[in-house]
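K.L.:
The chain contents come next:
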Amino acid sequence: MTRSRLLDALVRLPPWLWLSAFFLVPFAITLKISLSEAATAMPPYLPVLDWKGGLEGWSTFLEALHFQNYETLAGDALYRDAALSSLAFAGTATAILAGVGTALAYAMARAPSRWQPLLVALVVVPFWTSFLIRVYAWIAILKPEGLLNAALLRLGLIPAPLEILNTQGAVLIGLVYAYLPFMVLPLYAVMSRLDPTLREAAADLGAGPTRVFWTVTLPLSAAGLRAGALLCFIPMCGEFIIPDLLGGSDTLMLGRVLWSEFFSNRDWPLASAVAVVLLVLVVGPIVLFRGDARKAGAEAAR
Amino acid sequence: MADREGPLLRIEAAAKRFGAHAAVDGVSLDLAAGEFFCLLGPSGCGKSTLLRLVAGFESLDAGRILLEGEDLASLPPHRRPVNMMFQSYALFPHLSVAGNLAYGLKGLGLSRTEIAGRIEKLLGLVRLDGLGGRRPDTLSGGQRQRVALARALAREPKVLLLDEPLGALDRSLREETQGELRALQRRLGAAFVVVTHDPAEAMALADRIGVMEAGRLVQCGSAAALYERPASRYVAGLLGDVNLIPGCLGAVSDGLASVETALGPFRGRAPEVDLGEGAAVLLAVRPERIAPATAGEGLSATLVETTFLGERVRRSLRLPDGTLLRTSTPAGAAATGWPEPGGSLHLRWPPDAATILPA
Numbered sequence: 001m002t003r004s005r006l007l008d009a010l011v012r013l014p015p016w017l018w019l020s021a022f023f024l025v026p027f028a029i030t031l032k033i034s035l036s037e038a039a040t041a042m043p044p045y046l047p048v049l050d051w052k053g054g055l056e057g058w059s060t061f062l063e064a065l066h067f068q069n070y071e072t073l074a075g076d077a078l079y080r081d082a083a084l085s086s087l088a089f090a091g092t093a094t095a096i097l098a099g100v101g102t103a104l105a106y107a108m109a110r111a112p113s114r115w116q117p118l119l120v121a122l123v124v125v126p127f128w129t130s131f132l133i134r135v136y137a138w139i140a141i142l143k144p145e146g147l148l149n150a151a152l153l154r155l156g157l158i159p160a161p162l163e164i165l166n167t168q169g170a171v172l173i174g175l176v177y178a179y180l181p182f183m184v185l186p187l188y189a190v191m192s193r194l195d196p197t198l199r200e201a202a203a204d205l206g207a208g209p210t211r212v213f214w215t216v217t218l219p220l221s222a223a224g225l226r227a228g229a230l231l232c233f234i235p236m237c238g239e240f241i242i243p244d245l246l247g248g249s250d251t252l253m254l255g256r257v258l259w260s261e262f263f264s265n266r267d268w269p270l271a272s273a274v275a276v277v278l279l280v281l282v283v284g285p286i287v288l289f290r291g292d293a294r295k296a297g298a299e300a301a302r
Numbered sequence: 001m002a003d004r005e006g007p008l009l010r011i012e013a014a015a016k017r018f019g020a021h022a023a024v025d026g027v028s029l030d031l032a033a034g035e036f037f038c039l040l041g042p043s044g045c046g047k048s049t050l051l052r053l054v055a056g057f058e059s060l061d062a063g064r065i066l067l068e069g070e071d072l073a074s075l076p077p078h079r080r081p082v083n084m085m086f087q088s089y090a091l092f093p094h095l096s097v098a099g100n101l102a103y104g105l106k107g108l109g110l111s112r113t114e115i116a117g118r119i120e121k122l123l124g125l126v127r128l129d130g131l132g133g134r135r136p137d138t139l140s141g142g143q144r145q146r147v148a149l150a151r152a153l154a155r156e157p158k159v160l161l162l163d164e165p166l167g168a169l170d171r172s173l174r175e176e177t178q179g180e181l182r183a184l185q186r187r188l189g190a191a192f193v194v195v196t197h198d199p200a201e202a203m204a205l206a207d208r209i210g211v212m213e214a215g216r217l218v219q220c221g222s223a224a225a226l227y228e229r230p231a232s233r234y235v236a237g238l239l240g241d242v243n244l245i246p247g248c249l250g251a252v253s254d255g256l257a258s259v260e261t262a263l264g265p266f267r268g269r270a271p272e273v274d275l276g277e278g279a280a281v282l283l284a285v286r287p288e289r290i291a292p293a294t295a296g297e298g299l300s301a302t303l304v305e306t307t308f309l310g311e312r313v314r315r316s317l318r319l320p321d322g323t324l325l326r327t328s329t330p331a332g333a334a335a336t337g338w339p340e341p342g343g344s345l346h347l348r349w350p351p352d353a354a355t356i357l358p359a
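Top line first, the protein sequences correspond to chains A and B.
According to UniProt numbering, the first sequence is numbered sequentially starting from 1.
According to UniProt numbering, the second sequence is numbered sequentially starting from 1.
A couple of the hints might just be wrong.
Listed below are the simulated EDC-like cross-link pairs for lysine to aspartate or glutamate, each with C-alpha atoms no more than 20 Å apart in a straight line [said to hold, decoys possible]:
| no. | chain 1 | residue 1 | chain 2 | residue 2 |
| --- | --- | --- | --- | --- |
| 1 | B | Lys158 | B | Glu288 |
| 2 | B | Lys158 | B | Asp30 |
| 3 | A | Lys143 | A | Glu56 |
| 4 | B | Lys106 | A | Glu200 |
| 5 | B | Lys158 | A | Glu200 |
| 6 | A | Lys32 | A | Glu56 |
With beta-carbon atoms standing in for the labels, derived distance ranges [stated by the list, open to error]:
| no. | chain 1 | residue 1 | chain 2 | residue 2 | range |
| --- | --- | --- | --- | --- | --- |
| 7 | B | Leu75 | A | Leu122 | 35 to 43 Å |
| 8 | A | Ile286 | B | Ser88 | 34 to 42 Å |
| 9 | A | Leu122 | B | Arg134 | 54 to 62 Å |
| 10 | A | Pro117 | B | Arg134 | 37 to 45 Å |
| 11 | A | Ile139 | B | Arg134 | 53 to 61 Å |
| 12 | A | Ala111 | B | Leu173 | 38 to 46 Å |
| 13 | A | Leu7 | B | Arg134 | 51 to 59 Å |
| 14 | A | Pro26 | B | Ser88 | 45 to 53 Å |
Part of the chain A face toward chain B, derived, beta carbon under 10 Å [unchecked claim]:
| no. | residue |
| --- | --- |
| 15 | Gly75 |
| 16 | Ala77 |
| 17 | Thr129 |
| 18 | Leu132 |
| 19 | Pro161 |
| 20 | Ile164 |
| 21 | Leu198 |
| 22 | Arg199 |
| 23 | Glu200 |
| 24 | Ala202 |
| 25 | Asp204 |
| 26 | Arg211 |
| 27 | Val216 |
| 28 | Leu220 |
| 29 | Ala222 |
By construction, these hints were calculated from the structure, which means they are not laboratory data.
No residue lacks a Cβ here, since even glycine has one placed at the ideal position from N, Cα and C.
With the hints as extra help, turn the sequences into a complete structure.
P.N.:
Below is the structure:
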């Protein structure tokens, strides 16, 4: 191996080590726990690998693993409903974010260039406050005697306080609020780099501002929209804090199910199984989709 | 109301400032239907801004732009019956060639088959038959240039604006494309306004050239008129090599004037504007108009250097007062009258070959 190739390999090593240590190994542990059995012990599951038992220790360990937890998940409607409801919440919120984020990012990209750094800063600034505190703030806004209802009552727009907190609507509001920057920033990055002469060319060819947006700006921003949608959709599927604080007790999302299995029931194996299912549910289609997109891209290039 | 008698496009005292910089400064210009007009000038002289004012991408600070007698001021770009070919081509990267051409045709109330027919015709017009399905990024530079041209022609504009249309092509392709562009304009009969910084390109393309300098239109005319009768030292130098001899303006008669120089009196074409006797002037003589003379007449000079340039021979000559003159003669012409370098000779040129310019 030549020097430069050795150097090349060294440069590539850290990301691989990072991914292995903080993603692959934890996932393997989670996968293992999901195949175990809950126990009143420390750690609260069985079997535990007997390192001193040698080959025999391994074989008894492997024989003790089973798919019982996954069978439980498949058999119980609660988990299926939680999964579907998570996907529905995340999907709806992503759709709303796509609309709101596109409008916001477009307005930012078209603003005078000396204003743009300030606008980007304003989008990012909320991150400097604790996420938990920002979600609590929404409770203060949405509760029956909260800011929103007080304002609407004062304006005479509604006769009685609206019931928003502890509804699905509140969860959607929370999700859209919390994930908006993840949608806006990739969209803005793409839109601010679009060649403005393309818009001029479209206008020159008879397209009014609306048609220019739908036929030129938006299609050319698709990459940003895709990135933003993935950045929002994936974590929203497993979101726990927002449905827990804003959604009330009957909001069903995988994140909450996972949490209660871990901390209320202390059923680590079942919770791990939920985590694995969540990962497969969310990441699986994306990996497939990306492979598809790459194939399509390669075909188009040809 | 549309005024059929007047010019197709009329620009009246157009002005546009960017901050403190006057990009276009009181430009007036009339364009006839079917005319090939060229705006010539260095970068930053305001020629592209003038084009963008006509297209509607910039708004006038003062003046008017009329198309067939109708003021364009109230029309946004997408309602103006002019089209522009952009210097960067600005092809839509997410659409095929046919999609790019169809973009301007949608919204004209054409049926799908009519649009397909128009696209076929446009592709044939710019010799890109069969390439309708390709993406712009899979085309060569010359092909992209032709797609941009066809797209700008799709809506059959009355005036086509072309911003450095050949600027991104390499030299040999540019010369070939000049001829095609010229032929295309003749065939379509539309008025073309080309912006270029290349004098040779302007002369090859245009019926009429407008020379711009620092936001102003300094002279307008055919290539021959600008070359033979420049109104200023700037225009004279822009369109080709020129010898300038400083002097003092004398009496004017019959369009000719005398100029008193350090080398003696000369005659030349009088300037268009009356400068008044005694004004400081320059006598401008094109190198190819200077010829050897028989001894005793004309200007005595010493040949310094002969340079063979293929189709032309350039000679550098020193005059008695030390100034250098350049001459240019066709390479095939007889070398009679020209000495070897170091030799002396006499030079002459016809009085109407010299133009008197304000100094």
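K.L.:
Now tell me, hint by hint, if it's right for this structure.
P.N.:
Here is how each hint holds up against the structure:
1. B:Lys158 <-> B:Glu288: Violated, because 40 Å separates the two Cα atoms, which is more than 20 Å.
2. B:Lys158 <-> B:Asp30: With a Cα-Cα distance of about 14 Å, the restraint between Lys158 (chain B) and Asp30 (chain B) holds, given a limit of 20 Å.
3. A:Lys143 <-> A:Glu56: Cα-Cα ~60 Å, so violated.
4. B:Lys106 <-> A:Glu200: holds (16 Å)
5. B:Lys158 <-> A:Glu200: holds (19 Å)
6. A:Lys32 <-> A:Glu56: holds (18 Å)
7. B:Leu75 <-> A:Leu122: 35 to 43 Å: 36 Å Cβ-Cβ, so the 35 to 43 Å window holds.
8. A:Ile286 <-> B:Ser88: 34 to 42 Å: For Ser88 (chain B) against Ile286 (chain A), whose Cβ atoms are near 36 Å apart, the range 34 to 42 Å holds.
9. A:Leu122 <-> B:Arg134: 54 to 62 Å: The hint (54 to 62 Å, Cβ to Cβ) is violated, given that Leu122 (chain A) and Arg134 (chain B) are roughly 43 Å apart.
10. A:Pro117 <-> B:Arg134: 37 to 45 Å: With Cβ atoms ~39 Å apart, the hint holds.
11. A:Ile139 <-> B:Arg134: 53 to 61 Å: holds (57 Å)
12. A:Ala111 <-> B:Leu173: 38 to 46 Å: holds (40 Å)
13. A:Leu7 <-> B:Arg134: 51 to 59 Å: violated (41 Å)
14. A:Pro26 <-> B:Ser88: 45 to 53 Å: Because 49 Å falls inside the window, the suggested range holds.
15. Gly75: It is violated, given that the least Cβ distance between Gly75 (chain A) and chain B is near 48 Å, above 10 Å.
16. Ala77: violated (45 Å)
17. Thr129: violated (39 Å)
18. Leu132: Nearest chain B Cβ about 42 Å off; hint violated.
19. Pro161: violated (47 Å)
20. Ile164: Since the shortest Cβ distance to chain B is 41 Å, the answer is violated.
21. Leu198: holds (5 Å)
22. Arg199: Status holds, d = 9 Å.
23. Glu200: holds (6 Å)
24. Ala202: OK, holds: Ala202 (chain A) within 10 Å of chain B, min 7 Å.
25. Asp204: holds (5 Å)
26. Arg211: Constraint on Arg211 (chain A) satisfied, holds at 8 Å.
27. Val216: Holds, because the Cβ-Cβ distance from Val216 (chain A) to chain B comes to roughly 6 Å (cut-off 10 Å).
28. Leu220: The hint holds - Leu220 (chain A) has a Cβ within 10 Å of chain B, the shortest such distance being about 6 Å.
29. Ala222: Where the cut-off is 10 Å and the nearest Cβ of chain B is about 8 Å from Ala222 (chain A), the hint holds.
The structure fails to meet hints 1, 3, 9, 13, 15, 16, 17, 18, 19, 20 from the earlier list, while all remaining hints are met.
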